[in-house]
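Colleague: If you want the building blocks of each chain, they are given just below.
2 protein chains.
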Amino acid sequence: MPAEQNLNIVPFVSVENMMDLVLATGAETFLRELATYVEEDFRRWELFDKVARIASHSRDGVIELMPASDGQLYAFKYVNGHPKNTRSGRQTVTAFGVLSDVDSGYPLLLSEMTILTALRTAATSAIAAKYLAPKGAKTMALIGNGAQSEFQALAFKALLGIDNLRLYDLDPSATERCRNNLAGLGLTITACRSAEEAVEGAHIITTATADKRNATILTDNMIGPGVHINAVGGDSPGKTELHRDILLRSSIFVEYPPQTRVEGEIQQLPADYPVTEFWQVVTGQKTGRDSDGQITLFDSVGFATEDFSALRYIYDRLRGSNRFENLDLVADPDEPRDLFGMLLRRAAQPATSK
Amino acid sequence: MPAEQNLNIVPFVSVENMMDLVLATGAETFLRELATYVEEDFRRWELFDKVARIASHSRDGVIELMPASDGQLYAFKYVNGHPKNTRSGRQTVTAFGVLSDVDSGYPLLLSEMTILTALRTAATSAIAAKYLAPKGAKTMALIGNGAQSEFQALAFKALLGIDNLRLYDLDPSATERCRNNLAGLGLTITACRSAEEAVEGAHIITTATADKRNATILTDNMIGPGVHINAVGGDSPGKTELHRDILLRSSIFVEYPPQTRVEGEIQQLPADYPVTEFWQVVTGQKTGRDSDGQITLFDSVGFATEDFSALRYIYDRLRGSNRFENLDLVADPDEPRDLFGMLLRRAAQPATSK
Chain A
1 MPAEQNLNIV
11 PFVSVENMMD
21 LVLATGAETF
31 LRELATYVEE
41 DFRRWELFDK
51 VARIASHSRD
61 GVIELMPASD
71 GQLYAFKYVN
81 GHPKNTRSGR
91 QTVTAFGVLS
101 DVDSGYPLLL
111 SEMTILTALR
121 TAATSAIAAK
131 YLAPKGAKTM
141 ALIGNGAQSE
151 FQALAFKALL
161 GIDNLRLYDL
171 DPSATERCRN
181 NLAGLGLTIT
191 ACRSAEEAVE
201 GAHIITTATA
211 DKRNATILTD
221 NMIGPGVHIN
231 AVGGDSPGKT
241 ELHRDILLRS
251 SIFVEYPPQT
261 RVEGEIQQLP
271 ADYPVTEFWQ
281 VVTGQKTGRD
291 SDGQITLFDS
301 VGFATEDFSA
311 LRYIYDRLRG
321 SNRFENLDLV
331 ADPDEPRDLF
341 GMLLRRAAQP
351 ATSK
Chain B
1001 MPAEQNLNIV
1011 PFVSVENMMD
1021 LVLATGAETF
1031 LRELATYVEE
1041 DFRRWELFDK
1051 VARIASHSRD
1061 GVIELMPASD
1071 GQLYAFKYVN
1081 GHPKNTRSGR
1091 QTVTAFGVLS
1101 DVDSGYPLLL
1111 SEMTILTALR
1121 TAATSAIAAK
1131 YLAPKGAKTM
1141 ALIGNGAQSE
1151 FQALAFKALL
1161 GIDNLRLYDL
1171 DPSATERCRN
1181 NLAGLGLTIT
1191 ACRSAEEAVE
1201 GAHIITTATA
1211 DKRNATILTD
1221 NMIGPGVHIN
1231 AVGGDSPGKT
1241 ELHRDILLRS
1251 SIFVEYPPQT
1261 RVEGEIQQLP
1271 ADYPVTEFWQ
1281 VVTGQKTGRD
1291 SDGQITLFDS
1301 VGFATEDFSA
1311 LRYIYDRLRG
1321 SNRFENLDLV
1331 ADPDEPRDLF
1341 GMLLRRAAQP
1351 ATSK
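So the protein sequences, as listed, match chains A and B.
For the first sequence, our numbering assigns the number 1 to the initial residue and increments by one for each residue that follows.
For the second sequence, our numbering assigns the number 1001 to the initial residue and increments by one for each residue that follows.
Just so you know, these hints were derived from the structure itself, not from any lab.
Just so it is clear, CB atoms sit at the ideal spot from N, CA and C, and this is done for glycine as well.
Hints may be right or wrong, so weigh each one.
[As the list claims (entries may be wrong)] Pair by pair, the computed Cβ-Cβ distance ranges are: (1) Asp1171/B <-> Pro237/A: 14 to 24 Å; (2) Ala24/A <-> Asp1060/B: 31 to 41 Å; (3) Leu1170/B <-> Arg345/A: 30 to 40 Å; (4) Lys130/A <-> Asp1171/B: 54 to 64 Å; (5) Pro1225/B <-> Gly71/A: 44 to 54 Å; (6) Asp1060/B <-> Gly184/A: 49 to 59 Å; (7) Gly1089/B <-> Ala347/A: 15 to 25 Å; (8) Lys138/A <-> Gly1089/B: 31 to 41 Å; (9) Ser1173/B <-> Asp60/A: 52 to 62 Å; (10) Pro237/A <-> Thr1283/B: 49 to 59 Å.
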């Protein structure tokens, strides 16, 4: 938490400062620390003011707002999803977010969240797997080797000790890049020529593809007993990755049912199909994995509390740090009800150098 | 619109730059120009993707997100409302907002909106009065002389030619400040000792009080035939300003009924009580004022399209201007799917001076 300062100033964590914070911390340590915040907020789930994200859909993508509050802090994230963006050199997903003080409504922090979202998504996946994956899991298939893939790999290494990765992507150059980026980080990596090959011997199967349409990345015959499926890519209406038959054989765990029913893999199932809310596994109210042969599925779409946790973590990390800039974001007149007078006094000042 | 620049950079209009933009333009010119944008977007109403604002209520206030899109641009505003904030030297209402490109989902502009909201609220009030107030109105009662009051006064002067103001506030020092701030701006101002006195001879009555509770600023006997009531302060559940009997005698015009039914003066009326959507008056589909004796009421709560209009205006005004800073807000890897690689390349760079 930055030292007390003028009421008009809001700390801003730029992309560059976020990168430096991650690098100074070490990506795996960052993921482990971030995961403790995410897990803590799953445990405090019932405290939160929760709402399914507010989506504005257009032909090529979606822009979403994701607010959440625990009654003391409020956070929201702005995030887009535009699969065609890569053609124009842009990111499919970019994001930024704000953390605020509920008592005053004043913003405490503005942060880039493109990188932070990749980290929180991976941290959340790994926490879910900690509760749901088979004991002693060492091998993960990672299908879809785009922007999210290395973060998933490192989170599963950091939190579960996964050291064997089997990569597959429709685009071999994506697999190659993922492998190169992860070189020297302590993972044994196999590049596979098909999804079928990738899942061979895997205890955990992570799907993180980006096409905005219903696709079948995994078919029923590819899923043996006892695996944990971490389905990350299916996260909006009309965008799924798994064949419906896999869902019917799995115990399904979700973040926030009202959102997941619309956006997750379970949009393929009836609206009353039984699923378990993951937070209840964290609190011990529900069982996670209950047998060796059980197929567990974390149908992850990304929920606002996870972004809340991530911003809360960053805010705590800024204490004693200089990895932020000061933004003159909130009007702060000498007398709070005298907004117009602030304008008049500005007019009376000599022009600044700008 | 700023010149083309790096994909990671988002222009940011600080409080200081917003003040300088308003001062360089002149507040009345700014209000007139802004009003053309607001009016144009009321005319294009049916194009918009609209939603009632998403509110997170707490004991002392509310934090709201207000998104809107016309299919090409997307905007949202973050705004709080905390009446007790003035006790700690803070603003009751602060705000900031973002304008984005729908096709890519990328932000185009981040702007302070505390000042801008005050201006857009006043501009919207004046546009409504242009359609609804009695012809030749010259005198306005302004009840509630807080942060919004001078902006209302100037907007009604700039757009309707109001030159006679009758002020009243429970707190005489607020009235005094308002009068001082408006001195020399071409308005004849009378400070009144009661709301009853303020409304004497007024053609337009503007209420802009800030208490977060149902109050009765205006009672039925105070409202003569033919006046236009511009009710600005009643804008959240449990916060109203007018006695119900006034509503029953008035023709009521609203912004977006699903939001106004919950937040506006009409929360005192049955959910199916007939009201007119103001945009239909702008397009000519519905009649505004239809007789000299009619009492018209603009039950204004502030709608997301007005913030969209304000951000669109600011974005256009930035063309050829240097009244913004550049924020490194969006991660922009050389290769769009290689977010992790961007981190690795950052690690390989020498440390910056920060």
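Colleague: Does each hint fit the structure? Answer for all of them.
Modeller: Hints, verified against the model:
At about 51 Å, the CB distance of Asp1171/B to Pro237/A disagrees with the hint of 14 to 24 Å. For Ala24/A and Asp1060/B, the Cβ-Cβ distance of about 38 Å falls inside the hinted range of 31 to 41 Å, so the restraint holds. Checking the proposed 30 to 40 Å range against Leu1170/B and Arg345/A shows it is violated: the Cβ atoms sit about 25 Å from each other. Distance hint check: the CB atoms of Lys130/A and Asp1171/B are about 57 Å apart, consistent with the given range 54 to 64 Å.
Our hint of 44 to 54 Å for Pro1225/B and Gly71/A holds, since their Cβ atoms are close to 48 Å apart. Against the hinted window of 49 to 59 Å, the Cβ-Cβ separation of Asp1060/B and Gly184/A comes to about 52 Å, which satisfies the hint. Between Gly1089/B and Ala347/A, the C-beta spacing of about 22 Å keeps the proposed range 15 to 25 Å intact. A beta carbon spacing of about 57 Å between Lys138/A and Gly1089/B contradicts the range 31 to 41 Å that was offered as a hint.
Between Ser1173/B and Asp60/A the CB atoms are about 54 Å apart, so this pair conforms to the stated range of 52 to 62 Å. Against the hinted window of 49 to 59 Å, the Cβ-Cβ separation of Pro237/A and Thr1283/B comes to about 32 Å, which falls outside the hint.
Violated hints, in rising order: 1, 3, 8, 10; the structure is consistent with all others.
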